[in-house]
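Participant: Working from the sequences, and respecting the hints, build out all of it.
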Amino acid sequence: MTSKKTINPTAEQQAIIDAQEGTVEVMAAVGSGKTTTLGLRVEEAVKRGVPPERILALTFTNRAADQLRESLRKHIPEDADKVELSTFHGLCAKILRSACNRVELPPDFMIIDEEDAIALLRELDAASDAKEAKGVFYRLGRDASSIPLNTATQATWFKGQFSDIPVTRKYVDTLTEWGAVDFAGLVILARAVLLTDAEVGSHWRQRFDMVMVDEIQDTHLSEYEVVRTLARDARSLCIVGDMDQTIYGWRGSKPKEILSRLRDDFGPVQEFSLSENFRSTEAILAVADRIAQGMADRKTQVRATSTLSQGTLPTLRKFPMEEAEAEHIANYCINKHKAGAKLEQIAILVRSRGAALAVTQALEWANVPHVHIDAFDFFRREEVKNALALAHLALDRNEISARRVAARRRLMPKVEPVLQDIDRHGHPVGLRFVDLLKSEVVTAGDPLWGLNAPSLVVLDTETTGLDVGIDEVIEVAAVRLDRGQITERHHALIQPKGPIGEGVHGISENELARHGRNKAEVLEELSRFIGDTPIAGHNVFGFDKRMLETDAAKVEVNLKLSIGIDTFTAARRLVPSLPNHTLASVTEYFQVKSTPTHRAMDDVLATVEIIPPLAKLAAQNVAERRRLIAEYAPRVAPLRDALDSWAESNPRPGVLLRTISQDALIPKISQTEPHRVANLMKLIRQVENMDDHRLSPVDAMRKITQRAALSRNVDLIDSQPGIRVMTIHQSKGLEFEEIILPSLVEGVLPNYHSTLSSAPPDALDEELKLLYVAVTRARRRLHLSWHHKNKSGHSCNMSRFLRPLTFLLH
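For the sequence shown, the working numbering gives the first residue as 224, with consecutive numbering after it.
Simulated from the structure, these hints should not be mistaken for laboratory data.
There's no promise every hint is true.
Each computed BS3-like pair below joins lysine-lysine, with the alpha-carbon atoms no more than 25 Å apart [stated by the list, open to error]:
1. 317 - 354
2. 816 - 608
3. 661 - 608
4. 305 - 816
5. 816 - 783
6. 357 - 270
7. 1012 - 565
8. 317 - 608
9. 393 - 382
10. 317 - 382
11. 637 - 905
12. 926 - 777
13. 541 - 477
14. 720 - 816
15. 354 - 608
16. 317 - 777
17. 317 - 720
18. 637 - 661
19. 317 - 891
20. 720 - 305
21. 637 - 608
22. 720 - 777
23. 270 - 661
24. 541 - 559
25. 608 - 891
26. 297 - 270
27. 661 - 565
28. 354 - 297
29. 541 - 522
Facilitator: Rendered as structure tokens:
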């Protein structure tokens, strides 16, 4: 347990800490103790009686969230982990999982990262190469973030209405079929469910008393609408940012519009500023100030705190050639290394990946330990993605992980053609590639065999929530179907450990107090009721099975459920034309008598009635599914057998990854690539640290892969050895003892497109702010440089942004 730390805030900070009511806007200049101030503000709120679990803090990156969490542990060590602290995308994912029965996504939906999204766009022939596909992906993201306020619906996403790019609908349909969503979809659907579903919107509006949003300048209107909903009934909304660090206009951020809407939606606004810099030196801040004076609309002033030293004057150098500039930097770094400098505290920042090429080559030739831009994308590395995909697939046979593995030619050269053939011939008849990796499906000869099983137990649960590590089953209902007829019923309410608030789907605390039974007793009865009979249910695989098995393990009841058929999955395959496949939609489509109500037995009876019409549809193509399985299952048998072997003992994620690395990955890595083996060992350590032992191995693995998907490229920077070579965008929010800024020429910074007459009016100003961000990453030393000729021999001019700094020229 971290002991409480006493900090004496400045007058500026104290004013913000004390502003505990209403709307608070903080313009925080660089290095002004923002994280400390937010931590102290939360501490003050808890002192004044705000329950920590009713405080929401949103950050831009996982790294920023971790830093704020550490700050909270210093100020409120007993309550720090109770505060809802998340990134925007992490919160949107949580909102959607809490509303899984209202959205066309399973509770265990997967989040695909940028690389997988781009790969899918290429599969859909949306682009001719990876670069073009990346452009399409970014365009989709910008279009999604530009949806006007109050207009987002589920159809906006699921019908591809957010963009006019031709591939949009096919892209979204494919993700939905996989039970997946990308980053843009997370935000659109969270907006939609908060706006259009009264119950969900009311729940989340009443969830928080205090909402704090960091880095507001990086936020787009889609994200603001989520904040607006969550903060509507809160006693305080605090937004923090620095308009002089607005560098994500290309991503859709519109901070000026957000600040304007903030006044309309939450006025009056109390305005505060943090201007006292604790990070840098007076000399570096003077250079930053000269740069900032060129901004079209400067919002913050930054001044050195009384304890800062004057420091060393920054340098500005001109070189005849780009290679000479890079060689000088490499030699400088060699000398720093020989002098014993901590290389991890030196960063070389560039405008783009291309601008880093000469520098990284020079560092490599000089044998200077360094980390290249791409190395920060740890979870995007080939061997890391291979390992995670295989581990996830071993524990949870899902379509996305199966496709990730199949698409990796170096890993599975004989599997990708099977994937392509199944996509072409199997998809229309209800067969998916992942089916070939399930031994029970191959044995049965048909993934939909359970619709005609002679005996099934159809079950449903009601729970206090969707988090398998925290929430509990409070109602369970099941019926035994023998040749389509109900022969037995089982129903029970379960007494939860704690209060459930206003109730769950009509189940009140009073009802549970009167009729709720002991959990272990009920689940033992359920286990005996089911016996060896396969189970069925609507989303039973994605939700009910996980909740029941996890809850049973907590009370030491052995409950292992075998899936016969998930009617949610079956409906998706057999009735793809439905706008969504919730139980209510499917029962309405088949016009059955029973109506789902979100009470367990009602939903069980509704599920029983949709099984016969689904079975009738499945029978139309059963022969073709069987033929395809017989033809293609033997071709992926080695992979299927390996997955079964790895999963046999239900190992923890770290143990599983170690086995997979040794069995399948390391033997295929060339001896000239030892860094790939090192990356796998690092991944194993990371996963062991991330493993949540409250969860089953499969749920822990899901949580880990979600964190990996949501991670940004510098979340793991602290664990990287050597000098950092990164883009300025990547450096946002970081700080280093020494910053080196090369290639400050026209066409690079500012970049060429920002100088065109057709560029957006604020494009050039955003480039200047990018330089400001770069300069203010430095704590002690700053070096700027430019070259007269680039590596292609073309003449270059010094960046216009350096003109106020020519007094520094060497």
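Participant: Assess, step by step, whether the Cα of residue 661 is no farther than 25 Å from the Cα of residue 565, and give holds or violated.
Facilitator: violated (51 Å)
Participant: CA of residue 720 to CA of residue 777, is that 25 Å or under?
Facilitator: holds (12 Å)
Participant: Would the pair residue 608 and residue 891 pass a check requiring their Cα atoms to be no farther apart than 25 Å?
Facilitator: Cα-Cα ~15 Å, so holds.
Participant: With a cut-off of 25 Å on the C-alpha distance, tell me whether residue 393 and residue 382 pass.
Facilitator: holds (9 Å)
Participant: Need the status of pair residue 297, residue 270: alpha-carbon distance at most 25 Å?
Facilitator: Between residue 297 and residue 270 the Cα gap is close to 15 Å, so the pair holds against 25 Å.
Participant: Keeping to a limit of 25 Å between CA atoms, is the pair of residue 720 and residue 816 held or broken?
Facilitator: violated (36 Å)
Participant: Given the hinted pair residue 317 and residue 382, is their Cα-Cα distance within 25 Å?
Facilitator: Holds - the C-alpha atoms of residue 382 and residue 317 are around 23 Å apart, at most 25 Å.
Participant: For a C-alpha distance cap of 25 Å, please report whether residue 317 and residue 608 respect it.
Facilitator: holds (23 Å)
Participant: Is residue 816 within 25 Å of residue 783, Cα to Cα?
Facilitator: violated (32 Å)
Participant: Residue 541 and residue 559 were given as a pair; does the straight-line alpha-carbon distance stay at or below 25 Å?
Facilitator: Holds. Residue 541 to residue 559 sits at ~21 Å (cutoff 25 Å).
Participant: Taking only the CA atoms, is the gap from residue 317 to residue 777 under or equal to 25 Å?
Facilitator: This hinted pair holds, its Cα atoms lying about 23 Å apart.
Participant: Tell me if the straight-line CA distance from residue 720 to residue 305 falls inside 25 Å.
Facilitator: holds (18 Å)
Checked against the numbered hints given earlier, this structure breaks hints 1, 2, 4, 5, 6, 7, 11, 13, 14, 19, 23, 27, 28 and 29; the rest are met.
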